[in-house]
Amino acid sequence: MAVTRFQFLSTFSRQFSSISNAHIVQPKLRIEEIRGKRISIFDKEYKRQQSLIPRLEKIEVAYEGFDNETTTLVMNKGVSTPYNCAQHISEHVMKNSVVAEVNGEIWDLHRPIPSDCTLKLLSMKPEDQHQASLVNKTFWRSCSYLLGAVVEGSFQDDISVTLHSFPPANVRSGSFVYDVQLSLDDWVPSLNDFRQIAATFQKFVRQNHTFQRLDIDSSVALKMFEDNVFKADQIPHIATKSSSGNTVTVYRCGDHIDISRGPMIASTSLVGRCSIAAVHRLDSRIYRFQGVALPSEIYINHFAFGILETRARKLNPARTPELKSN
Amino acid sequence: MNQADLSKLVSALRIAVKPKPRLFASPEGPAGRLRKLKATVTALVKYERIELNYPRAEEAQSYAERLISDAIRNGDCHKHTMEMADYWLDEKQLIHKLFKVLVPRYKEYNSSYTKLVLGPKTYPGYYAGTAILELKGNPFPALQPATQNYHYWLHNVLLGEAKREFRVAKAETNANLSEPVASKN
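Protein sequence lines correspond, in order, to chains A and B. Under our numbering, the first sequence has 516 at position 238, and the numbering climbs by one with no breaks. Under our numbering, the second sequence has 146 at position 118, and the numbering climbs by one with no breaks.
Keep in mind the hints are simulated off the structure, nothing from the lab. A quick note: this is a predicted structure, and the numbers were derived from the prediction, not measured.
Result set (PhoX-like, lysine-lysine): computed pairs, CA atoms no more than 20 Å apart in a straight line:
| # | chain 1 | residue 1 | chain 2 | residue 2 |
| --- | --- | --- | --- | --- |
| 1 | B | Lys191 | A | Lys592 |
| 2 | B | Lys74 | B | Lys128 |
| 3 | B | Lys64 | B | Lys46 |
| 4 | A | Lys592 | B | Lys198 |
| 5 | B | Lys164 | B | Lys135 |
| 6 | B | Lys125 | B | Lys74 |
Just the calculated beta-carbon pair ranges, DEER-fashion:
| # | chain 1 | residue 1 | chain 2 | residue 2 | range |
| --- | --- | --- | --- | --- | --- |
| 7 | A | Glu369 | B | Pro173 | 20 to 30 Å |
| 8 | A | Arg333 | B | Lys164 | 58 to 68 Å |
| 9 | A | Glu405 | B | Val145 | 21 to 31 Å |
| 10 | B | Pro83 | A | Glu369 | 46 to 56 Å |
| 11 | B | Leu205 | A | Gln407 | 30 to 40 Å |
| 12 | A | Phe581 | B | Ser39 | 37 to 47 Å |
| 13 | A | Leu351 | B | Pro173 | 25 to 35 Å |
| 14 | A | Leu593 | B | Pro83 | 54 to 64 Å |
Positions of the beta carbon are idealized from the N, C-alpha and C atoms, including for glycine.
I would like the entire structure built from these sequences, with the hints used as guidance.
Pasting the structure below:
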């Protein structure tokens with residue numbers, strides 16, 4: 279991914295950042311180096327997990343499609359994903375499916391299926407209310423994730439950007455959120471800054487990265503996120519809450535890796551129009567980035583989108599991160 | 029106020045009723061108009077879906093609605109209702125259909141019992157066009173595709189919430205505007 283960075287941050291904020299950098303004790307790595315390190319750990323762990331699959335076994339997947347027509351597909355156990363099933367069905371289904379429903383459970387499109395199951399593929403335009411709320415939530419969560427990915431890479435090197443977390447997806451709040459710590463005390467972004475972040479977001483999204491899910495051990499996760507104080511702090515808590523008690527789910531999209539329970543959308547190409555609406559300063563350099571986006575399948579009038587943008591500018595009422603150190 | 033509640037005397041129809049009746053040109057005068065409408069109502073009860081010219085379909089719809097709603101309200105032991113059924117239905121076996129088939133079918137309905145759909149217009153042809161009048165719950169395949177609910181789609185959820193928030197804000201500003209006036213009085 280070509281990382282676009284801001285060349286236009288005002289000299290005012292640059293001065294501030296240089297002062298504040300003096301307080302940071304940890305050695306500063308460039309974001310590409312950190313990302314490269316995370317990806318190498320991710321790849322190693324992925325290869326290790328793949329090598330654990332002894333030999334391919336076959337499973338039967340009953341795909342329930344349009345008009346409840348059922349098709350049985352013979353797939354590979356623990357290897358084939360719902361996306362592979364969609365590849366057998368049609369190009370339209372393959373491109374428009376956001377998430378899958380495996381035995382009634384919501385499932386990532388790029389997550390291997392472990393056993394015989396019934397499969398449904400959901401698009402951004404479902405007929406059922408329950409399915410619609412699941413799909414919308416998944417989309418919103420993925421947008422939060424992508425916002426984090428974009429924000430992390432879009433500042434100049436002398437400004438340290440530490441991703442904190444994103445609150446649970448709530449579509450009704452009107453904006454998706456990522457809480458980020460910046461080494462800037464009073465950063466008031468200009469309209470141009472918002473446009474630049476949105477453009478970076480759009481560029482990233484148009485590269486059609488898939489969301490790759492991996493369940494990793496908490497020790498591996500700690501190693502992966504050793505450069506991020508907040509994530510390293512969150513990992514033990516997340517691990518104890520997981521079903522096995524010691525695993526953390528991470529998602530990789532392009533060269534960005536982040537922790538999330540998921541599920542996420544299949545690919546970034548499903549995200550269409552987007553806008554970064556506001557950046558609110560919460561406390562002690564934690565900034566709340568807010569945006570609003572629509573799926574590529576859904577087009578709306580610019581006036582209607584303007585209404586959504588205006589609403590997204592208000593501070594999102596989601597829970598704010600608590601800082602132990604301060 | 030000794031006037032009775034109108035809704036208790038006459039059943040409220042769930043269709044838009046025109047304020048004035050349509051006067052169909054007929055050499056027999058008003059009796060001819062009623063004869064035509066009787067034939068249409070009878071055909072509707074008999075076939076459950078008929079295609080005809082629009083004005084007559086719309087006019088007959090309200091008579092059919094009234095007949096069915098009275099039958100549901102009063103049952104078959106009510107003298108006036110039975111007389112009306114006898115008057116409007118030319119084929120007498122349809123009176124049995126009205127009370128034994130249509131009344132049980134529509135008892136629990138919260139909407140109108142008939143549906144009027146615009147039919148095709150032919151050129152050159154009858155200016156007012158045609159219509160298809162049908163009893164709901166008929167055994168034929170649906171005329172129009174089932175409508176999908178788009179309210180749950182992402183953009184509609186977002187716009188719906190924005191609308192709700194706008195209304196709340198407006199109600200608040202209205203309340204704030206009216207308060208100082210009340211305090212002065």
